[in-house]
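Protein chains: 2
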Amino acid sequence: MTEIGCPFCNPLERIVKSNSTAQVILSDPRKIPGHTLVMPKRHVEKPWELTAEELSDIYALIFDVEQKLINGKLGDGVDVRQNYRPFMQQSKLKLDHVHFHVVPRSLEDYIYAVSEKYDTELFAELDDDEREAVTKLIED
Amino acid sequence: MTEIGCPFCNPLERIVKSNSTAQVILSDPRKIPGHTLVMPKRHVEKPWELTAEELSDIYALIFDVEQKLINGKLGDGVDVRQNYRPFMQQSKLKLDHVHFHVVPRSLEDYIYAVSEKYDTELFAELDDDEREAVTKLIED
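If you're matching them up, the sequences are chains A and B in order.
Position 89 of the first sequence, counting from 1, maps to 89 under the working numbering, and the rest follow consecutively.
Position 101 of the second sequence, counting from 1, maps to 101 under the working numbering, and the rest follow consecutively.
Some clues are possibly wrong.
To be verified - Simulated pairs of lysine to aspartate or glutamate, EDC-like, Cα-Cα distance not exceeding 20 angstroms: (1) A:Lys68 to B:Asp79; (2) B:Lys94 to A:Glu108; (3) B:Lys73 to A:Glu139; (4) B:Lys68 to B:Asp79; (5) A:Lys73 to B:Asp79.
Hints were generated in silico from the structure; no laboratory data involved.
Hey, can you work out the whole structure from these sequences and the hints?
And the structure:
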């Protein structure tokens, strides 16, 4: 299942590492040096449609990359992020083929300085009505 | 392996859903309504120390929660994020017990307006020297 024109189905010489069902490429453009993408080889758009083997292969690569980025001093820690955003049009910065960002992080790094420092403003206490409504939605 | 004083090892009445080795709680404080946390029951601090069963159980819950948040109209999409940040002190907003944030998202939502709109400034082209250095670090 390869989608014509999907850059992640046809990564050509960009593959840095792979296993049976998953592959690693470097993000380009990238947020910070070491910003890496791990994804299934198969064109999957909804994360919950990944097979057990794909999920396991993806995380084998993520865990390997995380430790190498830290050992290689590109960060003191690492964030992993997977965005499912069907409300955005596919573009150079948004591809529909499921992928996991692996991003080296350090204290008050460039990402923090440019955008993440605003994150703390977002947090608010969970009130009782919201707790009840979200619990009811999720628990079943 | 339960760490005394770790709120995620001792979540008490906060558990919304669980399976053999993983559990779901609501983030409190939260960034946006529906902000949920999925984590192993066991106190694991390094993500690559999760067992295959824990990873599989965690993602069974993540995939379930993602679809419920979207079906329940809390978002049109969803982000999943796992931060490994040993460089930060444990606090109310930073816990060492590995956890995955599941966050409902929509076009130009509150998270975008407050912090994420600055993210696009971060991206830069990957130059040849950087590509070579990062590839060498990761490929082996």
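Right, here's what the structure says about each hint:
As the CA atoms of Lys68 (chain A) and Asp79 (chain B) are separated by approximately 24 angstroms, the hinted pair breaks the 20 angstroms bound. Taking the CA atoms of Lys94 (chain B) and Glu108 (chain A), the gap is near 15 angstroms; set against the 20 angstroms cutoff, the hint holds. Of the supplied pair hints, the one linking Lys73 (chain B) and Glu139 (chain A) holds, its CA atoms being roughly 16 angstroms apart against a limit of 20 angstroms. This hinted pair checks out: Lys68 (chain B) and Asp79 (chain B) have alpha carbons roughly 13 angstroms apart, not beyond 20 angstroms.
Among the hinted pairs, Lys73 (chain A) with Asp79 (chain B) is inconsistent with the structure: their alpha-carbon atoms are about 27 angstroms apart, more than 20 angstroms.
Hints 1 and 5, counting from the list given before, are not met by this structure.
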